[in-house]
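K.L.:
Sequence:
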Amino acid sequence: MWIVKRAVPLVVALAVVSAVTAVLWFIRISAVGPQHLVFFYLLPTALVATLFGSLPAVVCAIAAAVSAAFFLYDPLYSFSVASPLDLGELVCFVGLAVIGAKCTADLLRPVSYLHRPTAAED
Numbered sequence: 001m002w003i004v005k006r007a008v009p010l011v012v013a014l015a016v017v018s019a020v021t022a023v024l025w026f027i028r029i030s031a032v033g034p035q036h037l038v039f040f041y042l043l044p045t046a047l048v049a050t051l052f053g054s055l056p057a058v059v060c061a062i063a064a065a066v067s068a069a070f071f072l073y074d075p076l077y078s079f080s081v082a083s084p085l086d087l088g089e090l091v092c093f094v095g096l097a098v099i100g101a102k103c104t105a106d107l108l109r110p111v112s113y114l115h116r117p118t119a120a121e122d
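Using our numbering, the letters of the sequence shown map in sequence onto residues 1 to 122.
Hint data in this document are derived by calculation from the structure and do not stem from the laboratory.
We treat Cβ as the ideally placed atom computed from N, Cα and C, and that holds for glycine.
Careful: at least some of the hints might be erroneous.
To be verified - Simulated restraints, written as ranges between beta carbons of each label pair:
id: 1; residue 1: Leu42; residue 2: Leu76; range: 15 to 25 angstroms
id: 2; residue 1: Leu51; residue 2: Phe71; range: 40 to 50 angstroms
id: 3; residue 1: His36; residue 2: Val4; range: 16 to 26 angstroms
id: 4; residue 1: Met1; residue 2: Leu87; range: 37 to 47 angstroms
id: 5; residue 1: Asp106; residue 2: Pro84; range: 30 to 40 angstroms
Could you build all of it, start to finish, from the sequences and the hints given here?
P.N.:
Structure follows, in structure tokens:
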């Protein structure tokens with residue numbers, strides 16, 4: 001039972017990335033390739049961080065970068081990224097998403113974890 005309990009956040013994170021990827025891929029194909037679609041993954045990553053903590057959110061950010069490289073950047077359906085600027089955009093996205101996930105998870109942590117009284121304060 002504990003395996004299922006620990007797997008649910010990761011499965012939800014991957015499901016969220018899959019759903020967002022499907023929408024962004026449709027936009028990419030139908031709208032003749034709008035730029036910077038990878039940053040639309042930031043809101044779902046923050047949502048996963050809010051609901052489940054920083055580890056599933058980091059998994060969500062890495063899965064989003066891999067999905068974006070495969071489905072959103074030229075050449076399509078390949079993990080190679082043709083433009084160095086696009087590769088830099090992916091690296092910046094992962095950095096921003098990891099920092100945002102960690103900050104979001106820490107902001108929503110209960111107060112009892114933030115301040116532990118020392119022996120002098122008791």
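K.L.:
Now, for every hint given, state plainly whether the structure supports it.
P.N.:
Each hint, compared with the structure:
Separated by about 22 angstroms at the C-beta atoms, Leu42 and Leu76 satisfy the suggested range of 15 to 25 angstroms. Remark: the range hint 40 to 50 angstroms for Leu51 to Phe71 is contradicted by a beta-carbon distance near 24 angstroms. Under the hint 16 to 26 angstroms, the C-beta atoms of His36 and Val4, about 37 angstroms apart, miss the expected range. As the Cβ distance of Met1 to Leu87 is approximately 42 angstroms, the hint placing it in 37 to 47 angstroms holds.
The hint said 30 to 40 angstroms for the Cβ distance between Asp106 and Pro84, and at roughly 33 angstroms that hint holds.
Taken one by one, the earlier hints fail for this structure at numbers 2 and 3, listed in ascending order.
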